[in-house]
Amino acid sequence: MSLDCVAVCGWQSLAIASVSSAESFMTSRYPIPPSSTELTIPAWDDAYAIGSELVDGQHRRLFDLMALLVEAERGRCERSMVDHAVNSLYGYIRFHFQDEERMMDELDYPDRDRHRQLHDRFILSFDDLVTGHREAPDFLPRLINFIQHWLVHHIAEEDTKIRAG
Numbered sequence: 001m002s003l004d005c006v007a008v009c010g011w012q013s014l015a016i017a018s019v020s021s022a023e024s025f026m027t028s029r030y031p032i033p034p035s036s037t038e039l040t041i042p043a044w045d046d047a048y049a050i051g052s053e054l055v056d057g058q059h060r061r062l063f064d065l066m067a068l069l070v071e072a073e074r075g076r077c078e079r080s081m082v083d084h085a086v087n088s089l090y091g092y093i094r095f096h097f098q099d100e101e102r103m104m105d106e107l108d109y110p111d112r113d114r115h116r117q118l119h120d121r122f123i124l125s126f127d128d129l130v131t132g133h134r135e136a137p138d139f140l141p142r143l144i145n146f147i148q149h150w151l152v153h154h155i156a157e158e159d160t161k162i163r164a165g
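With the numbering used here, the residue at position 69 of the sequence shown is 69, and numbering never jumps.
Since the hints were derived computationally from the structure, they do not count as laboratory data.
Hints should not be assumed to be uniformly reliable.
Taking lysine to any residue and the SDA-like style, the derived pairs with C-alpha atoms no more than 20 Å apart in a straight line are [what the hints assert, rightly or not]: (1) Lys161 x Leu62; (2) Lys161 x Asp56; (3) Lys161 x Glu78; (4) Lys161 x Arg116.
Pairwise CB distance ranges, derived in the manner of DEER restraints [said to hold, decoys possible]: (5) Arg134 x Gly51: 21 to 29 Å; (6) Glu135 x Asp46: 38 to 46 Å; (7) Gly75 x Tyr109: 34 to 42 Å; (8) Met103 x Gly75: 31 to 39 Å.
Backbone N, C-alpha and C define an ideal beta-carbon position, used for all residues, glycine too.
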């Protein structure tokens, strides 16, 4: 998949159209990894499915949005377009967390309070990274590594427990 900056500019409409962890990985907040020289695009795996059409669809969309962010980094888009993409992804993640937490409430998921705390820690770490490192030359690769690591581990190790729960 190859995208140009114009495709990234359309990120907001893509995100808007979508709106209709292990414990050892945890500290008080998620660790922020150093940038990697090789950015990879994680692929959705059906093993990540939890059995909710809504949440599974949102998880797939998060993988798609991560792929767009990696492509934006590879294409060296204008800073304003990258900033827009980062802000759109942040908004979509928060939106997704609300839906997932609502679903856990409806299912009376027994571990929902701890799961909510994981979401809260992720948001705090995302904020820390964006606030403290946005002007750094390796900001986008660091952000991508952070989100990818969290996305894959959180879905595979935490969200799939909802299916089992």
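Here is how each hint holds up against the structure:
{"no.": "1", "hint": "Lys161 x Leu62", "verdict": "19 Å, holds"}
{"no.": "2", "hint": "Lys161 x Asp56", "verdict": "13 Å, holds"}
{"no.": "3", "hint": "Lys161 x Glu78", "verdict": "40 Å, violated"}
{"no.": "4", "hint": "Lys161 x Arg116", "verdict": "14 Å, holds"}
{"no.": "5", "hint": "Arg134 x Gly51: 21 to 29 Å", "verdict": "37 Å, violated"}
{"no.": "6", "hint": "Glu135 x Asp46: 38 to 46 Å", "verdict": "39 Å, holds"}
{"no.": "7", "hint": "Gly75 x Tyr109: 34 to 42 Å", "verdict": "40 Å, holds"}
{"no.": "8", "hint": "Met103 x Gly75: 31 to 39 Å", "verdict": "35 Å, holds"}
Checked against the numbered hints above, the structure violates hints 3, 5; every other hint is satisfied.
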